[in-house]
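Protein sequences, first through last, are from chains E and D. For what it's worth, the working numbering labels the leading residue of the first sequence as 1, then goes sequentially. For what it's worth, the working numbering labels the leading residue of the second sequence as 1, then goes sequentially.
Just so you know, these hints were derived from the structure itself, not from any lab. All of these numbers come straight from a predicted model, not from anything done at the bench. The reader is advised that the hints may include incorrect statements.
No copy is singled out in the list; a pair is fine if it fits within one copy or between any two copies.
Unchecked claim - Dumping the calculated PhoX-like pairs for lysine-lysine here, alpha-carbon to alpha-carbon at most 25 Å:
1. Lys96 to Lys136
2. Lys109 to Lys121
3. Lys109 to Lys96
4. Lys121 to Lys136
5. Lys96 to Lys142
6. Lys142 to Lys109
7. Lys136 to Lys56
8. Lys109 to Lys136
Number of protein chains: 2
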Amino acid sequence: MQLTLHADYAFRVLIYLGSHPDRPVVSTEEISRSYGISRHHLVRVVQTLSDHGYVKLSPGRLGGVSLACVTHSIRLGDVLRHVEPNLRIVECFDIKTNTCPIISVCGLKSVLGEALDAFVKTLDQYTLDDLLHRRKRTALAKLFAANS
Amino acid sequence: MQLTLHADYAFRVLIYLGSHPDRPVVSTEEISRSYGISRHHLVRVVQTLSDHGYVKLSPGRLGGVSLACVTHSIRLGDVLRHVEPNLRIVECFDIKTNTCPIISVCGLKSVLGEALDAFVKTLDQYTLDDLLHRRKRTALAKLFAANS
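Isolated chain E (complex conformation) (with noise of 0.2 Å):
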């Protein structure tokens, strides 16, 4: 049980962003260069961010992307909604292409979707701020410089 790469990558952008509050616009080129991960991956979580409202991008040759709200206003369990294209924890969760046969009278999907819920709720008790205050902030901006 694990997340996607795209919602994976989705955190460190916003992370990313939210650890440079001094900076206009970042370029997807910094941020994947910056964490060591594929770029054109990275350009498909970005627009997923953008669908989504929380970050926006500018184009050109001086472009780049920014957040779109304030760092407490982003509650990482809307992230995980929002970015995570896979949240059928068991098969029998998308009726459509469902094969088990006893999907009608199982109650382990219903307790599956109740863990589900408890785990994206917890996630919503935590915003992007949560996860960048003053010192982690700092030390952040430090990594990524070291790593630019």
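With chain E fixed as given, assemble chain D onto it according to the hints.
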């Protein structure tokens, strides 16, 4: 974010065995046929369940698999902890293979760890017996009989 097939199938094996309390042993072939899933994979799942004391294996032509404990003693959270080979929600959960450079100061890991804990603790509130109360057990047995 999805359970591995190994964990998914482990729950299915327990549900199958719990739905047939009158049968001393059941063959893996019968279980795989009922669910329409790979017997090869199921044999490995059954071995994992045996390693953790959930089922007993009986060798020989008339052998098979049976529950090793009463259904109300099998907590679903424990099953998940034992049979899910990957509870690393993001790569930094495994510091041996982690490549993310901000692991030392990132706050996301602990928040995701808390969410994972909430997920598993929700499952801890249920036992195999909860998935098999009288009406469900009967309906499941009928469905399995129709698929055999």
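Check your understanding: Within a copy, between copies, both or neither: where do Lys96 and Lys136 come within 25 Å Cα-Cα?
Key -> Intra 44 Å, inter 23 Å, cutoff 25 Å: inter-copy only.
Practice item. Can you give me the call for Lys109 and Lys121, within, between, both or neither, at a CA distance of at most 25 Å? Key: Classified as both; 18 Å inside a copy, 16 Å across copies.
Point to revise | Alpha-carbon proximity context of Lys109 and Lys136, limit 25 Å | key: Between copies only: 13 Å across chains, 39 Å inside a chain, cut-off 25 Å.
Point to revise | Alpha-carbon proximity context of Lys142 and Lys109, limit 25 Å | key: For Lys142 and Lys109, only the inter-copy Cα distance (19 Å) is at most 25 Å; the intra-copy one is 45 Å.
Exercise for review: Please work out whether the CA atoms of Lys136 and Lys56 approach to 25 Å or closer within one copy, between two copies, in both situations, or in neither?
Suggested key: Cα proximity of Lys136 and Lys56: one copy only (24 Å, versus 50 Å across).
Practice item. Up to 25 Å between alpha-carbons, please classify Lys121 paired with Lys136: within, between, both or neither. Key: Intra 24 Å, inter 29 Å, cutoff 25 Å: intra-copy only.
Check your understanding: For the identical chains here, do Lys96 and Lys142 meet the 25 Å Cα criterion within one copy, between copies, both, or neither?
Key -> between (48 Å within a copy, 23 Å between copies)
Exercise for review: Since the copies are identical, ignore which copy is meant and state whether Lys109 and Lys96 lie within 25 Å (CA to CA) inside a copy, between copies, both or neither.
Suggested key: within (15 Å within a copy, 33 Å between copies)
In terms of the numbered hints stated before, the structure departs from none.
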